[in-house]
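So the chains spell out like this:
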Amino acid sequence: MARDLSAFAWVLVVLQTAVFVAAAPLFAGWVKRIKCYLQNRRPPPYLQPYRDLRKLLTKEIVLARTASPVFRIAPYVVCGTAVLAAAAIPLLAVELPVSAMADAIVLVGLFALGRFFLALAGLDVGTAFGGMGSSREMMVASLAEPAMLMVVFTWSMVAASTNLSTVISHTLEMELAIRPSLLFALLALLLVGIAETGRIPVDNPATHLELTMIHEAMILEYTGRHLALMELAAQLKLMIYAVLVANLFVPWGIATTLTGGALAAAAAALTAKLAFLGAALAVGETAVAKMRVFRVATFLAVAFTLALVGMLSFVILEASR
Amino acid sequence: MSYLDLPLLEQAILTLAALTLASAFALLAQSRVVATIHVFAVQGFLLAAITVLVALDTGELHLYISAALTLGLKALFIPWLLVRLARQLHILRDWDTVIRPGITLLGAGALVIFCYSVVQPIEQYAAGTTRDAIALSLAVVMLSLLMLVTRRKAVTQVVAFMALENGMFFAAVTATQGMPLVVELGIAFDVLVAAVIFGVFFFHIRESIESLDVDQLNRLSEHEE
Amino acid sequence: MSALFGLAAAESYVAVALTASLASALVSVLANRSSKILRWLAFPLLGIGGLAATAAALAALLGASEFAVELPFGLPWLHWHLRFDPLAGFFLGIIGLVTLAVSAYGPSYVREYDRRPYSRAVLGIATGLFVTGMQLVVLADDTFVFMIAWELMSVASYILVAYEHMESANRRAAFLYLLMAQIGAVLVLLSFGVLAAFAGEFTFTALRAASLPPFWASLAFVLALLGFGIKAGLVPLHVWLPEAHPVAPSYISALMSGVMLKVAIYGFVRFLFDLLGDLHWSWGIVLLFIGSVSALYGVLYALMQHDLKRLLAYHSVENIGIIYIGLGLSVIFFGSDLPALGVLGLIAALYHTLNHALFKSLLFLGAGVIAQRGHERNLEHMGGLIARMPWTALFFLIGCISISGLPPLNGFASEWLTFQAALQAASLESGVLRAVIPVTAAMLALTGALAAACFVKVYGVSFLGQARTRHVRHAREASWNMLAAQALLAALCVAFGVLPTTTVEGLNRVTEALTGVALASATERGWLWLTPVAPDVASYSAPLVSLGVGLALAAWALIYLLLRRRRRTVPVPRRDAWECGFGPLSPRMQYTSTAFAMPIREIFRPLFRIREESVRAMDPKLPTHPLELRYLIHTDDLSAELFYRPVEHQALSASRLAARIQTGHLRHYLAYSFFTLLVLLWLVI
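These protein sequence lines map, in sequence, to chains A, B and C.
Residues in the first sequence are numbered from 1 upward in steps of one, following the working numbering.
Residues in the second sequence are numbered from 322 upward in steps of one, following the working numbering.
Residues in the third sequence are numbered from 547 upward in steps of one, following the working numbering.
These are computed hints drawn from the structure, not numbers from a lab.
Because the structure is a prediction, the values reported are computed rather than measured.
Even glycine gets a Cβ: it sits at the ideal position worked out from N, Cα and C.
Treat the hints with caution; some may be incorrect.
[As the list claims (entries may be wrong)] What follows is a set of in silico ranges between Cβ atoms, one per label pair, in the way DEER data are often shown:
hint	chain 1	residue 1	chain 2	residue 2	range
1	B	Thr418	C	Val1118	26 to 36 Å
2	A	Arg41	B	Gly393	21 to 31 Å
3	C	Val768	A	Ala18	52 to 62 Å
4	C	Pro1152	A	Lys59	14 to 24 Å
5	C	Asp1122	B	Thr418	40 to 50 Å
6	A	Arg41	B	Thr418	53 to 63 Å
7	A	Val14	C	Arg1157	56 to 66 Å
8	A	Ala264	C	Ala1030	53 to 63 Å
9	B	Pro328	A	Ser6	58 to 68 Å
10	A	Lys59	C	Arg1016	33 to 43 Å
11	B	Thr418	C	Tyr1190	30 to 40 Å
12	A	Gly284	C	Glu1158	32 to 42 Å
13	C	Leu1173	B	Thr418	33 to 43 Å
14	C	Pro1152	A	Cys36	52 to 62 Å
Let the hints inform the model, and build the full structure from the sequences given.
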């Protein structure tokens, strides 16, 4: 497989990453919008997430007296790893040179790095809220990671690769088949994604003062541009999981050649897929109640079992012939 | 021959088979009585769907009849009967404690791998395109047995017993295109009678020990508590 | 370059390394007269030894120099055989790097003993002999030297564990360590014995040539697994490790955890891949199982600890488990005739061995700084150390990121390779193996995530937040040489993380000499890309990922610098943190390490033996006002209950039975002698 290592491809990499980062607030806003419709509230305008970020960026920073340098560096690392992960995921086109930088396991590692600093920032100020958030975040992450890896394993067995770009090309070239393993992998990835991005029923992104909160508790002390970076990182993470689901399991539409027409078609297809996924998430969040923190372990055990069944059904049904 | 060379119909059968396995996992992890019965009903539907697809694939007419029987009995009638019984006994909203769900699920995963390794030599002899499903059906049987062992409530134990029978039926359909119609009719009738008798038993058990917890049924033990 | 790392050079480096370490032990005899001898002579000599060992390793890995010598020591018919090959060179390098750091760190650390009633000479002699013993183990080329060096290492480290012998807990830990080490040594000796029985000779060359029937090969494997496993700390043979490692002086803990465990790995790799040969895949399953159990068990118990050094010791159990997972995968692939993949597992294991030596030593040195300057080993009493010791905080953070297996540092590179090896399970014939290996890999993922949780706890509770005790509030930064030692290890952690491809190239030499196969595909696309199997199967570019993370840090630095002028006129406002309107925050309101680990403790409760105790004394006048609230929690090792108590019980009852013949009457004893004589006569004639 010859990768196009020309300068043009690298320009496309930068462009694709820019599109990814630019679209992330819009996607988060879209989910919120659908939720507002479902709950009979008037939705904020499409540009509201951008306005919020702009407002935060220009606001003055206030630091807690006990905050250390880790607290100030953390937003940059958290957001930086999210952007890096976004760069490595095929958004509109496959076979871009950057996709070889990080395979699916490195992607999981990048999330873990961001989370490590996020949790440290939660502990840094020394309030009970931050510590509680960090402790719970690390619990959720510890249980989600094996399930996520199992999904990666199933994919890597199906496509004989952990490189996302290769996996997507493999799906595109494969003739139509009903694969039980991928069905379970999809379900497991959805559950893991919900847990990792802190959506209902695991965490509630909309509340600030609830004893069950996880993500919001960790960033409670942040202000100004630090908070903007943290918010952007959370939006990016949501978008990353959505793109993963969309492009891995329904890759059709993604550009295999780097021409304008193909890229435009890819953008249209991706918009449609993400719009559907966002709406589905909003419906799910409206229909389901948040669960107790210690039920999350069971929730993730289900995710792991689904991924395990997926892997086993590949080994038993699809591979041994 | 790779998986992709199979016709779509057979791929669909295998996918449904995998879903049946997943439903067995769900039964194992489900602690609420009413949800357990619902999952059991879903398993019945899946079985019926598999039977229809196998019938389409092989053209065996009697499989349509057993599909209809499965749908009627296992997906609709028995769940309905169980829900009704549970409502009369006021245990519909009860919880049955699942002992260490994480470990149980991991053990179940290990059981599946074990079944797979056991079945491997058989697969070489078995004819038929859906022979891989034998491992899955054996796994469903094993998971149901595990459920029988780990449950306390009589109702969930009955569901586990019925799921066990589902696993047998699943094996019969996928491995040998179903049993002779007479045998199948007989078994279906047996299951039906069993469901009714269990219902009667529930009332008796509760009248005599005022609980449906089978752990209470140890009075015959010589061991002093 | 080539002259510097040529063959003659390698020989002299090895000679210098051995002599300098031995000389360090010898000059320490005088250390009780003046502490300067220890500080200015013994430690620099150790450092020279470490430097020479590192140079020898470079010679082996870059210049592929190999040599064997026969020294005129030992038994008349069996002289000492030493051999230096890439595998020995690699492990000699690990010993050398950590010894080098320790030699820079030690002089400041041992000042502490100026005021305490312990003999400095013993410390210096034992340290020198300990390092010499480890170097000799990896160089040994016959069973005799190997066992002597092994015992030298064990006994010297026993003395170091027992060094602060005034505390009874230390004596008990040391005794437990000695007992386990001796059992291990006997098992190792037996495993060599099985090989020697078929070889007829004791040199490794002869052992290598011997071919064993399957039963005896498996027996030798099991004996070696147990023997080396005790030293390496595999579950359930690990009980001595969390007891013994924390009580030694901190830099000795670094040597023990960072290096001595690696020497055990060396012994096992040498025995299995070199001497035994003919690997059977079922051994790999055993290794894989024990490895994943050790990894998970180690990290779960580490999470429950609040003594920093004990926590780090449990993490050694975890990392040894990860190394054994790599070895297990390697054996499975080699046993299934897939040498290219077997090498991948072996390289992952060796890579992780190197990484663990670096980051674990770094963390122990950091823990030593906290113990010396903050007088604390208990996490629950620390807090806010980043303000008091910023450089140690930085290096410790690098160690934490490395050990948690996060990109782009070295821990991630080796764990990634282990994952890739596990993913290649798809090419195995047996479907059961194909299904089992991913499950163990999922265990590895769980282990990695829990390790990250554990080190968020360690770093957050000790370095961040507010100080919880007076000692910690007034802790001072470490001296420059202690910082230099940590800086060296931290820099190596970064370097081996950012340049995995170059590292794998060096490791290729080792595997090529050991098994005849190298991982050619991993490095074929240049230093920027690591492609263990093939470019489209998996690739990782550590330099690019580091560049990305570096850009994020650069963005922070840029904004920091840009706003500097404005900050001078308008400083960043500092306010109290949000305290729900209940008045000022106190350090006691922070999340403690026990509280942080609570969700995980609850989820994995069946795996622990937890004793909880809460004391609650209420004011008799005002029933809602508590006078005293205390909560104590202990986590006991499950393996003690499952394995050691029964053994202890059996041993005691057996000795009670044997004690029956001790009647105390003189005539009875005479009768025993008489009967023994009769029996012997009957047997002989």
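Each hint, compared with the structure:
1. B:Thr418 - C:Val1118: 26 to 36 Å: violated (54 Å)
2. A:Arg41 - B:Gly393: 21 to 31 Å: violated (46 Å)
3. C:Val768 - A:Ala18: 52 to 62 Å: holds (59 Å)
4. C:Pro1152 - A:Lys59: 14 to 24 Å: Violated: the Cβ-Cβ distance is about 49 Å, outside 14 to 24 Å.
5. C:Asp1122 - B:Thr418: 40 to 50 Å: The hint (40 to 50 Å, Cβ to Cβ) holds, given that Asp1122 of chain C and Thr418 of chain B are roughly 46 Å apart.
6. A:Arg41 - B:Thr418: 53 to 63 Å: violated (41 Å)
7. A:Val14 - C:Arg1157: 56 to 66 Å: Holds - the Cβ-Cβ distance for Val14 of chain A and Arg1157 of chain C, about 58 Å, lies within 56 to 66 Å.
8. A:Ala264 - C:Ala1030: 53 to 63 Å: The hint (53 to 63 Å, Cβ to Cβ) holds, given that Ala264 of chain A and Ala1030 of chain C are roughly 58 Å apart.
9. B:Pro328 - A:Ser6: 58 to 68 Å: violated (43 Å)
10. A:Lys59 - C:Arg1016: 33 to 43 Å: holds (38 Å)
11. B:Thr418 - C:Tyr1190: 30 to 40 Å: 32 Å Cβ-Cβ, so the 30 to 40 Å window holds.
12. A:Gly284 - C:Glu1158: 32 to 42 Å: holds (39 Å)
13. C:Leu1173 - B:Thr418: 33 to 43 Å: Given a distance of about 39 Å, which is inside 33 to 43 Å, the answer is holds.
14. C:Pro1152 - A:Cys36: 52 to 62 Å: violated (44 Å)
Going down the numbered hints, you'll see the structure goes against 1, 2, 4, 6, 9, 14, while the others check out.
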